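Keeping their order, the protein sequence lines are chains S and R. Number 409 marks the last residue of the first sequence (numbering that gives the first Met the number 0); no jumps. Number 137 marks the last residue of the second sequence (numbering that gives the first Met the number 0); no jumps.
None of these hints come from the bench; they were simulated from the model. Fair warning: there could be bad hints in the mix.
To be verified - Computed spacing ranges between beta-carbons, pair by pair:
1) A20(R) - Q20(S): 19 to 27 Å
2) G107(R) - K114(S): 56 to 64 Å
3) A133(R) - H402(S): 58 to 66 Å
4) N376(S) - D44(R): 58 to 66 Å
Computed from a prediction, not measured in an experiment: that's the story for all the values here. Cβ atoms here follow ideal geometry from the backbone N, Cα and C, with glycine treated the same way.
These are the residues of each chain, in order.
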Amino acid sequence: MTLTEIVDIQKIRADFPVLDQEINGKKLVYFDNAATTQKPIAVINALKHYYEFDNANIHRGIHTLAERATRDFEATREAVRKFLGAASTEEIIFTSGTTNGINLVASTYGRKFIKEGDEIIISGLEHHSNIVPWQMLCEEKGITLKVIPVNDRGELDMEVYDQLLSEKVKLVSVNHVSNALGTINPIKEIIAKAHAVGAVVMIDGAQATSHLDIDVQDLDADFYAFSAHKLYGPTGVGALYGKKALLEAMPPYMGGGEMIKEVTFEKTTYNELPYKFEAGTPNIADVVALKAALEYMDSIGRDKIAAHEDMLLQYATEQLLQIEGLRMIGEAKNKVSVASFVIEGIHPQDIGVLLDNLGVAVRTGHHCTQPLMKRFNILGTTRASFAVYNTIEEVDRLIAGLHRVKKMLA
Amino acid sequence: MTINEIQDEIIEEFALFDDWADKYEYIIDMGKKLKGLPEDQKTEDNIIKGCQSRVWLNAHKDGENLVFEADSEAVIVKGLVSMLIRVLSGHSPKEIAESELYFIDQIGMSQHLAQTRSNGLVSMVKQMKNYAIAYQLV
Numbered sequence: 000m001t002l003t004e005i006v007d008i009q010k011i012r013a014d015f016p017v018l019d020q021e022i023n024g025k026k027l028v029y030f031d032n033a034a035t036t037q038k039p040i041a042v043i044n045a046l047k048h049y050y051e052f053d054n055a056n057i058h059r060g061i062h063t064l065a066e067r068a069t070r071d072f073e074a075t076r077e078a079v080r081k082f083l084g085a086a087s088t089e090e091i092i093f094t095s096g097t098t099n100g101i102n103l104v105a106s107t108y109g110r111k112f113i114k115e116g117d118e119i120i121i122s123g124l125e126h127h128s129n130i131v132p133w134q135m136l137c138e139e140k141g142i143t144l145k146v147i148p149v150n151d152r153g154e155l156d157m158e159v160y161d162q163l164l165s166e167k168v169k170l171v172s173v174n175h176v177s178n179a180l181g182t183i184n185p186i187k188e189i190i191a192k193a194h195a196v197g198a199v200v201m202i203d204g205a206q207a208t209s210h211l212d213i214d215v216q217d218l219d220a221d222f223y224a225f226s227a228h229k230l231y232g233p234t235g236v237g238a239l240y241g242k243k244a245l246l247e248a249m250p251p252y253m254g255g256g257e258m259i260k261e262v263t264f265e266k267t268t269y270n271e272l273p274y275k276f277e278a279g280t281p282n283i284a285d286v287v288a289l290k291a292a293l294e295y296m297d298s299i300g301r302d303k304i305a306a307h308e309d310m311l312l313q314y315a316t317e318q319l320l321q322i323e324g325l326r327m328i329g330e331a332k333n334k335v336s337v338a339s340f341v342i343e344g345i346h347p348q349d350i351g352v353l354l355d356n357l358g359v360a361v362r363t364g365h366h367c368t369q370p371l372m373k374r375f376n377i378l379g380t381t382r383a384s385f386a387v388y389n390t391i392e393e394v395d396r397l398i399a400g401l402h403r404v405k406k407m408l409a
Numbered sequence: 000m001t002i003n004e005i006q007d008e009i010i011e012e013f014a015l016f017d018d019w020a021d022k023y024e025y026i027i028d029m030g031k032k033l034k035g036l037p038e039d040q041k042t043e044d045n046i047i048k049g050c051q052s053r054v055w056l057n058a059h060k061d062g063e064n065l066v067f068e069a070d071s072e073a074v075i076v077k078g079l080v081s082m083l084i085r086v087l088s089g090h091s092p093k094e095i096a097e098s099e100l101y102f103i104d105q106i107g108m109s110q111h112l113a114q115t116r117s118n119g120l121v122s123m124v125k126q127m128k129n130y131a132i133a134y135q136l137v
């Protein structure tokens, strides 16, 4: 299998201006894609175009610019609806990102519908942003938090999940894909089982949307949150999908402009969906540019992106395992293009610092998953995560870099 | 030697390196040579938490001077810690409190002090000065 068979890699790389630079005199290799992906020129141009020609506040202006800005803002909502497979644009709420989406659900659905003595289930694979909002809610309301454990391969222990489920469980919140290990969780099964005991399910999709096809209706997810910046889009924007009936039953998250129908000092009535959850002037420019990111992924083909990334992961895993003393953390059968590893006797931070000097950007540390690191009894890992613009030659640079690092630290 | 004389000495040593790797190998070597702290002194009281690696710092008075001992689990940080100790340890609290650390910038390692969340170095420098200020008051 060669690269050109899957995607036109040179053409794709040319779409990402940031890749064309040197770090410490060496061509940049960017392998920190699970933290954030780089942006194609189409996204950069969409932002530039918006500010150069269309900038206006949306929804209430009657002038031409306001109409254009509103049209483009709402066009992204439709693009996100399609992207997630949602039934209606009323179910798509723009947020500042995944963390914001999870907090919204915890603060509104959680506060209203989950009571003392109830239980919430999360998993041992969660990012802090899918742990802390639930802990805060649990502390406030006297709810019990239960955790699905992780096996040695970095997969969720589904037998224990079955045991944790009961009528007491009102909500399950898990990630679709683990940010630290790349594990793809069986969320369709998790959702069906939660529904069987009457619990709703929140999916943290931050790490999934750039790699997998999402269909919230097929998954039967109640809530699904993602961030634009992890799928080649701008920072500071994301979306929360919620089933219409649930969103309608939920109180608003923040009060302000946009989310109201009528305000008097005696009583305010709230706007309809999705605006009820979008108080204040939103991040219009970045929402507009998110559409360009989704279109960019479609222009390559999401199946091709996934196939290319899989090929890189296979190759990288094979090469990494040949390094003496290296141990992969996270060897799930189903995983996205994330290679997390430790090298015996070497602190991940030292690896990261030296690789940076070799022009290779990786992530080191606990990846905001301290409980997961504790589970594997490690301080942290070195994580290389691959995107559509990465190449086999870049993986070779990582491997050569690791040999050099080992020698320097020996 | 004064604090500044030691800083200048380190800057001179680093001027010999024309390659980033030589520089880092020297720091790694210093990290390995630093005695560090026995396990029972790596306590919660002595810890300076960074996002990626932990640093432990101990201070005690030796006559009029303040002596620092420190350790880190990452060897590059430990090497940088070793240089901070070389520069600041064994001076009077007043000298330490009033010192201005310019050698880190001059040897091209300032990025390690800028990444506030990734290691405990910034907090360590602050903590060393806090010790000095506290001992001045004693």
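Here is what the structure says about each hint:
1. A20(R) - Q20(S): 19 to 27 Å: holds (21 Å)
2. G107(R) - K114(S): 56 to 64 Å: The hinted range 56 to 64 Å holds for G107(R) and K114(S), with Cβ atoms some 58 Å apart.
3. A133(R) - H402(S): 58 to 66 Å: Roughly 46 Å apart at Cβ, these two residues miss the hinted range, so it is violated.
4. N376(S) - D44(R): 58 to 66 Å: Because 24 Å falls outside the window, the suggested range is violated.
The structure is inconsistent with the numbered hints 3, 4, although it conforms to all the rest.
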